Amino acid sequence: MSDETAPVATAADQSIAATQETVEAPSTHTPAVIGVNDVQEKDETTGRKVFVGNLSYETSEEELREFLAPAQGNILDVNLPKRFNNKPAGYAFILYETEEQANTAVEKLDKQVLNEREISVAIAKPPAPKKPRNKRGKAVTTGTAESGTTGADEHAPVTEGEGADGQATKSKKKKAKRPARRLPEEGAEDAESFIPGSNGDTSAAQVTDGSAKKPKAKRNRKPKSAQNGEHSAEGAHEARIDDEGDAEGRTPRSARAPRQKTALGEPSKTLLFVANLPFSVDDAALTEAFTSLSITPKSSKIITKPSYHYVDGKRERGPRRSKGFAFVEVDNEEAQQLAIEKLQGFKMGDREITIKVANERIQQADEHGDEQALKEEGEKEAVAEEQKQEA
DNA sequence: GTTGGCGGAG
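Just so we're aligned, residue 3 is where the first sequence starts under our numbering, counting upward by one.
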C-alpha cells in the first residue's frame, strides 16, 4: 500500500545504495563494545534496527514512514507495537537494510518533531532477554546474564560528524528511579550471609542453630539441589546470588530449587503439545478436532488455571480457565507425527492451532517434595482443589 | 507515555 509514500528508489538513491554497498564495512565498529560478561549474541538485526520513541498515539505507520523519509534508508520493516488495550505503545521499531542507514536515521531524525512531539530516534537495544515470570509476576531467575551489562550502552557509535553529540540524556524529572527494594546499602554485605560460597546449604545449616541472624526466615527449605538432573544439565549452572529475593527476608532465590525455568524433559513419542487454542475449547472439543482427522487421542487435556474475582474485597475462585494450550496423547510416534502434519494450523474457532511434539514432563520431585515447591507459588490451594476435582 | 515479537509446558 501507499506506493506513493514509498521512499522511491530514485536513480540517486540507487547510486547511493551502490556506494554504500561497496563502502559498507560492517566491521567498522568494534563488536566488542558490549559488556564483558554479556554473553548474549546480538541478534542479526541489531544495529540495523531503530527505535523510535515518544510517538504520539495517533501516529500511523504511514505518517511514521513519511517522517522517516528524509533519512532515506531502505526500510525493511516497520513495527508499531501495541499495548494490551490495543492502544499504540508509543514507539516503533524500524528495520533498516544496513546499519549505515539506521545510523543515518538516528542522526537525522532524533529529536525531530512529529505530531507535535519530539521524537526520539535511536538504535534499538538488543531484545532484552525477558525473564519468564511466574503467575505472581515475580521475575524468575533464569540464570541469564540479565540486563546488567546492558549498560554498555550506545553500542552504536554513530557514523561520524557531530553524531556523537551524546544528546541522549534529556533531563528527566527523576534522575533515576531507585531500585524499588534492593538490598539496603549495608545489605550488600548482609547478603553475604546468604552467599555461602555454595548453594546455601551451609546457610541452612547454620541458621538452624545460629538462629538469631534472620528471625524472619521462617522456613528455610533445603535446596533440593538440582534433582532434576536432566535440565540442570542445560541451564541451571550454579545458583547465583540474587538480590531482591532476600530483601524480603525470604529464602534467597539462590537457595531455592531451580525449578523455575520450566524444566522441560525429553521429547515425547506419544505426547503432543497443542497451543494457540481458543480459550473456549475444552477437552472434548479438542479431542474432536483430532478425531475429525482420523486421529484418536488417548487423552486430551486442556491446561487450565483458576480464575478469580473479588467479592467484598475478598478473592473468590471462579471457574477454571483454559490457558490456551493442551497436551494430547496418542498411541505411538507415528500417530504423533501424523497428528502434527494434519493438525498443524488446524483452525479452531478463530485461531489456527499449533501443534508439536511435547516434552516429557519432568517429574517435579520426589515424594511429597513437590508439595513444597507448589507452596512457593502460593497456589497450592488451587492446585490441591484441582487435584481433588480431577480425581 | 520511550525498547516488541515469535506465546505456551501439565
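These are calculated hints, taken from the structure and not from any lab test. Here the structure is a predicted model, which means the values were calculated and not measured. Be a bit skeptical, because a hint or two may be false.
[Stated by the list, open to error] So the derived label-pair ranges between C-beta atoms look like this:
#1 P321 <-> S62: 18 to 26 Å
#2 K84 <-> D45: 17 to 25 Å
#3 D284 <-> K344: 19 to 27 Å
#4 R322 <-> D352: 20 to 28 Å
#5 K349 <-> K300: 22 to 30 Å
#6 G315 <-> F281: 25 to 33 Å
#7 N334 <-> N81: 40 to 48 Å
#8 F95 <-> N278: 19 to 27 Å
#9 Q346 <-> K84: 45 to 53 Å
#10 A71 <-> F281: 38 to 46 Å
#11 D285 <-> N88: 24 to 32 Å
#12 K344 <-> N76: 36 to 44 Å
For glycine and all other residues, C-beta sits at the position ideal for the given N, C-alpha and C.
Next item on the list: Kindly confirm whether 45 to 53 Å is satisfied by the beta carbon distance between Q346 and K84.
Entry: At roughly 27 Å between Cβ atoms, K84 and Q346 fall outside 45 to 53 Å, so the hint is violated.
Notebook entry, point to check: So does K84 sit 17 to 25 Å from D45, Cβ to Cβ?
Noted result: About 21 Å separates the Cβ atoms of K84 and D45, which means 17 to 25 Å holds.
Next item on the list: Starting from the range 18 to 26 Å, see whether the pair P321 and S62 falls in it by beta-carbon distance.
Entry: For P321 and S62 the Cβ distance comes to about 40 Å; the hint is violated.
Next item on the list: Kindly confirm whether 19 to 27 Å is satisfied by the beta carbon distance between D284 and K344.
Entry: With a Cβ separation near 21 Å, D284 and K344 satisfy 19 to 27 Å, so the hint holds.
Note to self: Just to be sure I understand the hint, the distance between the Cβ atoms of G315 and F281 should be within 25 to 33 Å; is that true here?
What the structure shows: The hint (25 to 33 Å, Cβ to Cβ) holds, given that G315 and F281 are roughly 27 Å apart.
Item checked: Range hint 40 to 48 Å (beta carbons of N334 and N81) holds or violated -> holds (42 Å)
Notebook entry, point to check: Given a hinted range of 20 to 28 Å, is it respected by the beta-carbon distance of R322 and D352?
Noted result: Check passed, 22 Å falls within 20 to 28 Å.
Next item on the list: Look at the Cβ atoms of K344 and N76 and judge whether their distance stays inside 36 to 44 Å.
Entry: Holds, at about 41 Å.
Margin query: I want to verify a distance hint. Is the separation of the beta carbons of D285 and N88 within 24 to 32 Å?
Written below: Given about 31 Å between the Cβ atoms, the range holds.
Item checked: Satisfaction of the hinted span 38 to 46 Å by the C-beta atoms belonging to A71 and F281 -> For A71 and F281 the Cβ distance comes to about 42 Å; the hint holds.
Note to self: Assuming the hint says 22 to 30 Å, is it satisfied by the Cβ distance from K349 to K300 or not?
What the structure shows: Given about 24 Å between the Cβ atoms, the range holds.
Item checked: Satisfaction of the hinted span 19 to 27 Å by the C-beta atoms belonging to F95 and N278 -> 24 Å Cβ-Cβ, so the 19 to 27 Å window holds.
The structure does not agree with the numbered hints 1, 9 stated previously, though it agrees with the rest.
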